[in-house]
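Protein sequence lines, in the order shown, are assigned to chains Y and W. All residue numbers for the first sequence refer to my numbering, where the first residue is 1 and numbers rise by one. All residue numbers for the second sequence refer to my numbering, where the first residue is 1 and numbers rise by one.
These aren't lab readings, by the way, just hints derived from the structure by calculation. Mixed in with the good hints there might be a few duds.
To be verified - Calculated pairs, EDC-like style, for lysine to aspartate or glutamate (alpha carbon to alpha carbon, straight line, at most 20 angstroms):
id, chain 1, residue 1, chain 2, residue 2
1, Y, Lys120, W, Glu67
2, Y, Lys62, Y, Glu140
3, Y, Lys62, W, Asp37
4, Y, Lys62, W, Asp79
5, Y, Lys66, Y, Glu140
6, Y, Lys66, W, Glu67
7, Y, Lys62, W, Glu67
8, Y, Lys120, Y, Asp52
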Amino acid sequence: MADLDIQLTTAPLNPLALIAFVTVPQAGGIDLFIGTTRAETHPTLGQLQHLDYAAYHEMAVKELTKLVQHAREKWSTTKVALHHRLGPVPIGEASIIIAVSCPHRADAFAACRYLIDSLKETVPIWKKEVYARSARWQAEVK
Amino acid sequence: MLTSAPLEYPLIIRIRLFAHMAAHAGASAVTLEMPADCRLSDIPAALRQQFPDLPWPAGTMLAVNQEYAPAAHPLKPNDEVAIIPPVSGG
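Excised from the complex, chain W in its bound form (with noise of 0.2 angstroms):
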């Protein structure tokens, strides 16, 4: 029996900008490819690879799936990661 080495499965987020960092990267939805272990506070740093000038505001929260989540929170297979700068509804 042979150990085969470890498989990198990438998964595929869906990530949602909005307001000015929307504006910023062109783009309100993007699809970024992970490693197979990766959790929620992995993304601002792979996002901006793919985006360097991408503005952070300060407050900025992430969601997943329509909900608000910690940075340790691991994701899934088309898991819809949401950016969510601070908000001014109302």
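The shape of chain Y in the complex, shown without the other chains (with noise of 0.2 angstroms):
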């Protein structure tokens, strides 16, 4: 589809790629998430060194794909962007970046809220926590 741009790579995720894509002239909202690692001390296993997100690949898209068609029916975006990087993701860097463009701002920011709140929910991509002093997948610890 023309107007949806679905990726999960290990490459570092580029936003200037995702705004280029869904700028057009009858939007005239463009609404940008961008999900970055945050830097992190845990009392036991110290500081965070980097996160390490693995998916289901084939459903993720599948998954992402629903969401970025219930977005379009809702507020009527004129094109979405969504990027997830995979594997190691060293702190301060994107792991995900969302980019919705509309007609109105107001519909861009309620959609990219929905899937960014939507993704966090069904969408079979895991984090694991690489800490100084241990491992841990984030399925472990929910």
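If you follow the hints, you should be able to join the two separate chains into one complex; please do so.
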């Protein structure tokens, strides 16, 4: 589909590529969300070194496509780009970028928020927290 | 005409494991042989026969052929079942 660009990639993410994809004359607002690896210190595991993401790739793309289609129906999105990084993501670097363009800004904000919130609920992607002394999957501690 | 005993045709079901479940099993894909009339709800017990210590976090969901599916979903030959522990993308 020409109005959606979903990528799961081990390469560093480039927000300019997503902005370029969603920039079209009929859109009056573009909302951009960037999720990054936050520096953390765990009381026993030490400093966070990086996050490491794994995906059930085929299903993740299917689920993301469903979310984007729902956003298009509900908020009349013009174009959506969603890139998720896999593998190690160093502190301060982006693990996810979502860009949404809509005719009006309120819809762009709402659709972008819906996409990141829903991704965290249903899309089969998992993060492993790699600390100085040990690593653990987030799914272990939930 | 002789009536023959019902035949059990085992289903070959491919199982995908992720995150710490894959780490515990030591594999991200395993194959199970299941009875012909099995349902998705039969998979967890069969899997734990093979991997008795497999962790099973609360909120783990199951998918068949890359779609979330309910427990009563009947399985067909060569279905791919994925065990989806709580997701944490983003």
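Here's how the hints hold up against the structure:
no.: 1; hint: Y:Lys120 - W:Glu67; result: holds (17 angstroms)
no.: 2; hint: Y:Lys62 - Y:Glu140; result: violated (25 angstroms)
no.: 3; hint: Y:Lys62 - W:Asp37; result: violated (28 angstroms)
no.: 4; hint: Y:Lys62 - W:Asp79; result: holds (17 angstroms)
no.: 5; hint: Y:Lys66 - Y:Glu140; result: violated (27 angstroms)
no.: 6; hint: Y:Lys66 - W:Glu67; result: holds (11 angstroms)
no.: 7; hint: Y:Lys62 - W:Glu67; result: holds (8 angstroms)
no.: 8; hint: Y:Lys120 - Y:Asp52; result: holds (16 angstroms)
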